[in-house]
Every structure is written in structure tokens, then in C-alpha cells.
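**Student:** Spelled out from the first residue to the last, the chains are:
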Amino acid sequence: MNKKTTKLEAKELNAYYGDFHALKSINIAMEEKNVTAFIGPSGCGKSTFLRTFNRMNDYIDGFRTEGDILLDGRDIYAKDVRVDELRKEVGMVFQKPNPFPKSIFENVVYGLKIQGIKNKSVLEEAAEKSLRRSALWEEVKDKLNQSALALSGGQQQRLCIARALAISPSVLLMDEPASALDPLSTAKIEELIYELKSEYTIVIVTHNMQQAGRVSDHTAFFYMGELVEFSKTKTMFTSPQDNRTQNYITGRFG
Amino acid sequence: MTNSEKNRLKDKAFQVFGVFCTFIGLVILAVFLFDIAIEGFSRIDWDFLTSLPSRRASRAGILTAWAGTLWILVLTAIIAFPLGVGAGIYLEEYSRKNRWTNFLEINIANLAGVPSIIYGLLGLEVFVRQMRLGGSLLAGALTLSLLILPIIIVTTREAIKAVPRSVRDGSFALGASKWQTVWNQVLPASFGGILTGIILSLSRAVGEAAPLIVIGALAYVPFTPATPLDEFTVLPIQIFNWTSRPQEAFLTNAAGAIIVLLAITFLLNGIAVYLRNRQQKKIKW
Amino acid sequence: MRVSEKIIEGLLWLSAVITILITIGIIWVLLSESIAFFSEVSIVRFLTEKEWTPLFADKKFGIMPLVAGTLLTTFIAIAVALPLGLTIAVYLNEYAHAGFKQVIKPMLEVLATIPTVVYGFFALTVVTPFLQGFIPGLAGFNALSAGIVMGIMIIPMISSLSEDAISAVPRSLREAAYGMGSTRLQTAFGVMVPAASSGIVVSVILGISRAVGETMIVAIAAGQQPRLTLNPLVPIETITTYIVQVSLGDVPHGSLEYRTIFAAGITLFIFTFALNNISFWIKKKYQEKYD
Numbered sequence: 001m002n003k004k005t006t007k008l009e010a011k012e013l014n015a016y017y018g019d020f021h022a023l024k025s026i027n028i029a030m031e032e033k034n035v036t037a038f039i040g041p042s043g044c045g046k047s048t049f050l051r052t053f054n055r056m057n058d059y060i061d062g063f064r065t066e067g068d069i070l071l072d073g074r075d076i077y078a079k080d081v082r083v084d085e086l087r088k089e090v091g092m093v094f095q096k097p098n099p100f101p102k103s104i105f106e107n108v109v110y111g112l113k114i115q116g117i118k119n120k121s122v123l124e125e126a127a128e129k130s131l132r133r134s135a136l137w138e139e140v141k142d143k144l145n146q147s148a149l150a151l152s153g154g155q156q157q158r159l160c161i162a163r164a165l166a167i168s169p170s171v172l173l174m175d176e177p178a179s180a181l182d183p184l185s186t187a188k189i190e191e192l193i194y195e196l197k198s199e200y201t202i203v204i205v206t207h208n209m210q211q212a213g214r215v216s217d218h219t220a221f222f223y224m225g226e227l228v229e230f231s232k233t234k235t236m237f238t239s240p241q242d243n244r245t246q247n248y249i250t251g252r253f254g
Numbered sequence: 255m256t257n258s259e260k261n262r263l264k265d266k267a268f269q270v271f272g273v274f275c276t277f278i279g280l281v282i283l284a285v286f287l288f289d290i291a292i293e294g295f296s297r298i299d300w301d302f303l304t305s306l307p308s309r310r311a312s313r314a315g316i317l318t319a320w321a322g323t324l325w326i327l328v329l330t331a332i333i334a335f336p337l338g339v340g341a342g343i344y345l346e347e348y349s350r351k352n353r354w355t356n357f358l359e360i361n362i363a364n365l366a367g368v369p370s371i372i373y374g375l376l377g378l379e380v381f382v383r384q385m386r387l388g389g390s391l392l393a394g395a396l397t398l399s400l401l402i403l404p405i406i407i408v409t410t411r412e413a414i415k416a417v418p419r420s421v422r423d424g425s426f427a428l429g430a431s432k433w434q435t436v437w438n439q440v441l442p443a444s445f446g447g448i449l450t451g452i453i454l455s456l457s458r459a460v461g462e463a464a465p466l467i468v469i470g471a472l473a474y475v476p477f478t479p480a481t482p483l484d485e486f487t488v489l490p491i492q493i494f495n496w497t498s499r500p501q502e503a504f505l506t507n508a509a510g511a512i513i514v515l516l517a518i519t520f521l522l523n524g525i526a527v528y529l530r531n532r533q534q535k536k537i538k539w
Numbered sequence: 540m541r542v543s544e545k546i547i548e549g550l551l552w553l554s555a556v557i558t559i560l561i562t563i564g565i566i567w568v569l570l571s572e573s574i575a576f577f578s579e580v581s582i583v584r585f586l587t588e589k590e591w592t593p594l595f596a597d598k599k600f601g602i603m604p605l606v607a608g609t610l611l612t613t614f615i616a617i618a619v620a621l622p623l624g625l626t627i628a629v630y631l632n633e634y635a636h637a638g639f640k641q642v643i644k645p646m647l648e649v650l651a652t653i654p655t656v657v658y659g660f661f662a663l664t665v666v667t668p669f670l671q672g673f674i675p676g677l678a679g680f681n682a683l684s685a686g687i688v689m690g691i692m693i694i695p696m697i698s699s700l701s702e703d704a705i706s707a708v709p710r711s712l713r714e715a716a717y718g719m720g721s722t723r724l725q726t727a728f729g730v731m732v733p734a735a736s737s738g739i740v741v742s743v744i745l746g747i748s749r750a751v752g753e754t755m756i757v758a759i760a761a762g763q764q765p766r767l768t769l770n771p772l773v774p775i776e777t778i779t780t781y782i783v784q785v786s787l788g789d790v791p792h793g794s795l796e797y798r799t800i801f802a803a804g805i806t807l808f809i810f811t812f813a814l815n816n817i818s819f820w821i822k823k824k825y826q827e828k829y830d
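Protein chains in written order, with our numbering: chain A, 1 to 254; chain B, 255 to 539; chain C, 540 to 830.
Same shape as in the complex, but just chain A (with noise of 0.2 Å):
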């Protein structure tokens, strides 16, 4: 692995909701078609810092950034940055599955209609694509017209997924994709993000430690709002490098 480009960046990042201070001068650097695992106790900010890579943290009142984000080198939070172009780029998959109170092939076909594509065969030929490379596409090719609700709570997931490929990102956020499933639909997701990296830049947060070893290229622990330790996950469960590593990830194990 080496002589890969960076594709994600923070540098001296804070952030605020309000009084709290919820990241402290994060530092990090993250690798193109690399996987990430962002790891650590509830509260310790590490989906709030998922978060920023696509400013899904604009709308809550209060919330607010200082020093810069980069992605492929630019700064996604300057003033020339249009949110719904970096969301483009930006895909995310969410903890619980929330699929849209819709059909299946309007949920994947969402985010290409609202940039105005209304081709049908461009968005048959779309959705195909990607409920394929999500590995929902056997399931679900003879009812795509049925509502999402419907589906499975693991299925729907990857409809999630389906629908966040299908307008071509580069970058893939994950906050806890699995912690709502089961471990059959677990191991699915898995193997799922396991092929996808060779295309995707991705990005997880987990509870799970198991996971995190399993998935991840690296990984990043948080604690209290601050970047802990970044480091090749095989180096840092085997060897942590600071002690709040060490009892986070040995508790967890035990």
C-alpha cells in the first residue's frame, strides 16, 4: 500500500454545537479507495465528525466549524462549495435504515431525479446498476415497484446503498450501517463494503470493534471530542500506541 493519495482531510478542525465543543483540533489524512473505521464511546464525537464530510451538521442550529475539511484537496466548507454538488460526491448511509415512504426503484432512481434526469431508460439502466453492485438486485428485480417499506430490515439497508451509489460518489460515508441488523444481514453489509472499496473512498463508524477490525483499511479512535490515535487497524489492536486506545479496545473485547 503505497504512494496513495489522500482523498479526505481535516486539519486543525473544531467544532461547536453552541457552548460544547464537540471536536478538538482534529488532524487527519485519509487515503483514496481505503477504508476508515472511526471508533469510540457514545459521545466522543466521532459520528458529528463523520458528519462534516458532507455537512449533514448544517442544519442543526447552533453547530458550527473552524479550520478546514478537505476533499481531493479542496475546502468543502468554503464559500463557493455548494452543499447539494459535495453531496454528489458525498454519499451516506445512515444507522437505521430510512428507506423513503416510496417504491423501491423511486428510492434508488431520488437522487438522479432531482438533478433534473428524467430519461426513463437512463434511470431503468441506473437503478439496475447500482441494486447490483449492492447486491440487492436478484432480490428485488420483479417488485421494484413495491414500497420499500416492505422490505427487510437488511435489504432495506442495502437499498440504502443502492440509492447513495446510484448518483456516483466517490466518497462513502457509513454511520453504524449495521448496528440496527442482524448478524446475517451484518455479514452481508461486510462483504458488501469489502468489494465496494476498490471503487469508494469509505468512511465507517462503528460501535463494533469486531467490525471495525474486520472492514477497515485504518482506523481512528476519538475520545471526548479529540482524535486519539490514527493508525493501521492491524497496528492498533495489536499494538496501541496510547493507553485510553488500550482500555477502550481491551473493555470491549474482555
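It cannot be assumed that every hint is accurate.
Computed cross-link-like contacts, DSSO-like style, restricted to lysine-lysine with a CA-CA straight-line distance of at most 30 Å [claimed, not checked]: (1) C/822 to C/640; (2) A/102 to A/197; (3) A/102 to B/415; (4) A/141 to A/188; (5) C/545 to A/88; (6) A/11 to A/197; (7) B/264 to C/644; (8) B/432 to A/88; (9) B/432 to A/129; (10) A/118 to A/141; (11) A/232 to A/88; (12) B/415 to C/640; (13) C/822 to B/415; (14) C/545 to A/102; (15) A/129 to A/143; (16) A/96 to A/113; (17) C/545 to B/415; (18) B/432 to A/113; (19) B/415 to A/113; (20) B/415 to C/644; (21) A/88 to A/33; (22) C/823 to B/351; (23) C/545 to A/79; (24) B/432 to C/545; (25) B/351 to C/545; (26) B/415 to A/96; (27) B/266 to C/640; (28) B/415 to C/823; (29) B/351 to A/24; (30) A/88 to B/415; (31) A/118 to C/545.
Read the hints as simulated data drawn from the structure, not as lab findings.
Note that the structure is predicted; figures quoted are calculated from it, not measured.
Assemble the complex: chain A is given as a structure, and chains B and C must be docked to it using the hints.
**Tutor:** Frame of chain A; chains B and C shown alone:
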């Protein structure tokens, strides 16, 4: 009798009293509907529904009254719907939590508590006099629109609030703008609830007489309105007029008109309840 | 794209701001006409004269008879609605099965959806003749029938708001009372009702506000004779009825008689505005208590 037996007896007694109180209102309602039905049903026939008002009770009909009520219903819906839903969307999706929003909310709660007759005084000065609409359907519909606006805003907000945050997040994360998210996701998902609120508020408007009397709606209109600028009467005013007359025959007319008015009110409420139940069954988040 | 977003947001903002314009409009209309009225009739006369006869040759402008009529019908309405509404709330909360509650609540709500003009008809043609059977002195128009029927109309308002307040009392309180061997009745009135008292007070205040502003029931059944009395058996006139009475006649715009309805209107508005804001204030304090 021991203390504990006494207590248990009191407990039982209250239970009986509770059942009594719960049903007394309903029994009175039933007595009343029965009384109206007996008095009014015999009066309802094709002539009654299609005749113009008259000085002679047996010739008088409610054509102008129910035509006016339908006009008012449609015009009020057209005016109040966009304003109320728009304000609801603004407060729920756009406004930030600050003093200004707080002020807006308190103001709307206050408006909901203003007596309907005061809206009549507002309509009289602003729509009838300043805007020179006279005692027209348009002036009446505008007045009633302001009256039901707070109800529509509140129910719209509740319906929108019931759409989970995660749906908005999903839409934003795909690059949708605020309005795209509202239009494509939030409104379709909350439409049943919004519609329910609008229909309920319209059923309130249909029963209003006081504000329309104040703006100058007439009891005697010898023609059915053809444009929104025509003078009009509505069922509640017709009922009020007939009830105020000493002759027994007009009271019978009033009972007949009440049956029609109640049919419209219950129909609207029934539709609203049906929509609400269907909405609750359709989407389980 | 950006521009259209801004335009849409602007339109939505505008529809919200209209609600403020309505309030301003109400206050402006009431004030401007009332000021014109009070430039001819002093406020002292308005508040202290004991007769209200603006439509007669011998004009008197004392609002007190109308206020008395309004308060009398309101008092009767609350005297009917509070005991019934509160008992229903307690019964549904502490005694009734959940299934029964689910069926009965929408049925009670029907009482609130019936147009008030229909209630007026009921008061005049059913309740008054019925009461005349055992109250010989009862006039054909009177405050009693109008007040009772108004009370029936307000029952669902008081019962559902009170029930919300009672069910918001923490479960632990109820369990503590039962744990000490209280009966349901003792639990309800010894623990739950006192704990929910602010919510119940709010429901009563809103009920009063509703009764004060109610128009058609009193206009039909209570009479049109302004009278400074607390006797529920004789015809009276409320503030709202007076406004209707003038609106039905043809009083010329701009005359003193025309302005009386705005003076009456602002009196009514002040009453309901004060009541509503007291209820908001109590509600706010009470929410803070449980948060």
C-alpha cells in the same frame, strides 16, 4: 361498616357516577338529534332543497343557503389551504429556534383563541369597507380563512412533525435541497394528516354564522350566487333567521335546514376521521 | 436553483407573517373605531353607567349590563361543564378500559363539532320548554338554557384537556398511592387531580374563554335585553349578541351606533386575550415543572 368498606362503597359510587357523566352528554345529543329528526325530516323534500327563500314558511326553501355554503366552503379552502400549509411548513422546516419564531408561535396560539365574532369585525372593516368587497362571498371566505388559519397551521405542523428526521437526512444526503426535500418527501408523507386538518377546519367554517352576520351576509337572498362578488347567505344564517321567527312553521323549516347542515358537518368529519385512520395504517415507520 | 429556493422560502415566510398581520389588523380595527367611540363617550361613562341603550332615543352607554350577561351565561356553562368534564376525565383515566376510552372519546368530540347555531336551536326549542315544566318563572329567552347548552358544548374541551393533564402525571405517583392501599377514588382525587391541577385550571380557563366569545347560542336563546342582573331566569344580552343585533339592523357606517360594536368588541377581545395568555403562562410554568 368499617372504614375500608366505606371507602370501597364510595369508590363504586363514583364509578357509577362516572358512567353517568360520560353518557349524559351523549344521551342529550341523541335526544336532540332525535328531536330534530322528528321535526325536520318531514320537511325535507325536493322542493325544500330547490326553492328560494320566501315569506311563507311552507314555500320557503334552502337553495340559496346551501349554494352559498358550498361556495363559501370552496373559496375558503382555496384561500386558506396555501396560506396555512405554507406557514406550517415555514415554522416546522425553515424557521430557527429564536425569539422571532417564539413570537410567531404565541401569536398563532392567541389567534386560535380569538372569538369568531371578532374576526367578523376585522372582515367588516378590512374586506367589506377598505377593500370594498361588500357583503360578498369573497369577503365572507376571506374572513373565514383567517378564522381557520391557526387550526390549519397547527395540524399541518403536527403532520409534518410526524415525518421522521431520517427521511429528511436521507434526502439531504443525496444532494436534495431544502425545498426538494419538503416537496418530494415531507409533504407526500404528511399529506394525509394535512388534509385531515384542512377538512376539520372547513367543517368548523361551514358551521360559522356570527362572523358572516357581522360582515353583512344576508338572511334573505332571492338568487343563488353566480360569482364570488355576489351577495350570499349560508345555512347557519338561514337557520338563525328561521329560529328567530315566532311562527312554528319556520321552526320546522329550521329543523329541516339543520339536518342538511349536520349532514354536511358530519360528512366532512367522517372523511377526516377516515383519512386519519388510513394514514395511520398506511405508514408505519 | 438557488434563486428559486430563496423565492419559495420567502413565500413560506410571508404566509407565516400573515398571522402577525391578522393580529395587527384585529387590534388596529378595534382600536381605531373604539378611539372614535371614546372621543364621544367617556370611558368613565362606558364603565360606570348601569344601562346600555345605544339604539334608543335616550342613549346610555354603560357596558356593565352586557358584561354581566356574558359572565352570567359563562358561569352557568362552566358550572355544567366543569363537574361533568372533570368526572369524565377522571373516570376515563382511572376506571375505564382502554378500549372503552377509545370508542367514547371520539363520540364526545362530536359534541364539539356541532355548529353553535344548532345548539341555539336546541336551547330555545327543547331545553327552555323542558325547564319551564318545573321552573314556572322561566322566560322564553333566558340565560339558564343558553348557559346549560353552552356547557354541554364545552364538555369535550374540558374533559380531553383535563384527561391529558391527568395522564401526564408520572406513573410513579399513582403507583405510590395504590401501594399505600388507596382506592381508585382516593388515588384520583387525593393524588392525581391535585398533581394535574394546573392542567385542569388551563382547561377551565380555555373553557371560559370559549364561553365568553360564544355567539349564536346566546343570540338565539338568551334574549336581546341588556340587563344588569344575575337572575338566570330572565332575558339578558351578552356582548356578542349585541354585536349580532347591530349587524342585523342597518346602522349607518361611521355613526356612533356603528362604533358601539367595536367598543363592545374590544371589551370582548381584552377578556379573551387575557384569559388565553393566563392559560399559556400556567401551561409554561407547569411544563417546566415536569421537565
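**Student:** Compare the structure with each hint and give your call.
**Tutor:** Okay, the hints, checked on the actual structure:
Between residue 822 of chain C and residue 640 of chain C the CA atoms are separated by roughly 25 Å; this keeps the pair inside 30 Å, and the hint holds. Proximity of residue 102 of chain A to residue 197 of chain A is assessed by CA-CA distance (about 29 Å); at most 30 Å being required, the pair is judged to hold. Of the supplied pair hints, the one linking residue 102 of chain A and residue 415 of chain B holds, its CA atoms being roughly 19 Å apart against a limit of 30 Å. Proximity of residue 141 of chain A to residue 188 of chain A is assessed by CA-CA distance (about 18 Å); at most 30 Å being required, the pair is judged to hold.
With a CA separation close to 21 Å, the supplied pair residue 545 of chain C and residue 88 of chain A stays within the 30 Å bound. With a CA separation close to 24 Å, the supplied pair residue 11 of chain A and residue 197 of chain A stays within the 30 Å bound. Pair hint residue 264 of chain B plus residue 644 of chain C holds up; C-alpha atoms about 25 Å apart against a cutoff of 30 Å. A threshold of 30 Å between alpha carbons decides the hint, and for residue 432 of chain B with residue 88 of chain A the separation of about 15 Å falls inside it, so the pair holds.
Simply put, residue 432 of chain B and residue 129 of chain A have alpha-carbon atoms about 28 Å apart, close enough for the 30 Å limit, and the pair holds. As the CA atoms of residue 118 of chain A and residue 141 of chain A are separated by approximately 21 Å, the hinted pair is consistent with the 30 Å bound. Taking the CA atoms of residue 232 of chain A and residue 88 of chain A, the gap is about 28 Å. The hint holds against a cut of 30 Å. At roughly 26 Å between alpha-carbon atoms, residue 415 of chain B and residue 640 of chain C fall within 30 Å of each other, so this suggested pair holds.
Using a Cα cut-off of 30 Å, the hinted pair residue 822 of chain C and residue 415 of chain B holds, with the two alpha carbons roughly 21 Å apart. Our distance criterion of 30 Å between C-alpha atoms is met by residue 545 of chain C and residue 102 of chain A, whose separation comes to about 27 Å. Taking the CA atoms of residue 129 of chain A and residue 143 of chain A, the gap is near 16 Å; set against the 30 Å cutoff, the hint holds. For the proposed pair residue 96 of chain A and residue 113 of chain A, the alpha carbon gap of about 24 Å is at most 30 Å, so the pair holds.
Between the alpha carbons of residue 545 of chain C and residue 415 of chain B the distance comes to roughly 23 Å, so the proposed pair stays at or under 30 Å and holds. A distance of roughly 15 Å separates the Cα atoms of residue 432 of chain B and residue 113 of chain A; the hinted pair therefore holds under the 30 Å criterion. For the proposed pair residue 415 of chain B and residue 113 of chain A, the alpha carbon gap of about 25 Å is at most 30 Å, so the pair holds. Proposed proximity of residue 415 of chain B and residue 644 of chain C is supported: the alpha carbons are some 24 Å apart, at most 30 Å.
Of the pairs offered as hints, the one joining residue 88 of chain A and residue 33 of chain A holds, with about 17 Å between alpha carbons and a cut-off of 30 Å not exceeded. Among the hinted pairs, residue 823 of chain C with residue 351 of chain B is consistent with the structure: their alpha-carbon atoms are about 17 Å apart, no more than 30 Å. Between the alpha carbons of residue 545 of chain C and residue 79 of chain A the distance comes to roughly 17 Å, so the proposed pair stays at or under 30 Å and holds. Note on residue 432 of chain B and residue 545 of chain C: the hinted pairing holds, with a Cα-Cα distance of about 10 Å set against a maximum of 30 Å.
Among the hinted pairs, residue 351 of chain B with residue 545 of chain C is consistent with the structure: their alpha-carbon atoms are about 19 Å apart, no more than 30 Å. In summary, the hint linking residue 415 of chain B to residue 96 of chain A is supported, as the alpha carbons are separated by about 19 Å, within the 30 Å threshold. With a C-alpha separation of about 19 Å, the suggested pair residue 266 of chain B and residue 640 of chain C falls inside the 30 Å cut-off, and the hint holds. Only pairs whose Cα atoms come within 30 Å are accepted, and residue 415 of chain B paired with residue 823 of chain C is accepted, the gap being roughly 21 Å.
Using a Cα cut-off of 30 Å, the hinted pair residue 351 of chain B and residue 24 of chain A holds, with the two alpha carbons roughly 26 Å apart. Restraint check for residue 88 of chain A and residue 415 of chain B: the C-alpha separation of about 27 Å stays at or below 30 Å, so the hint holds. In summary, the hint linking residue 118 of chain A to residue 545 of chain C is supported, as the alpha carbons are separated by about 24 Å, within the 30 Å threshold.
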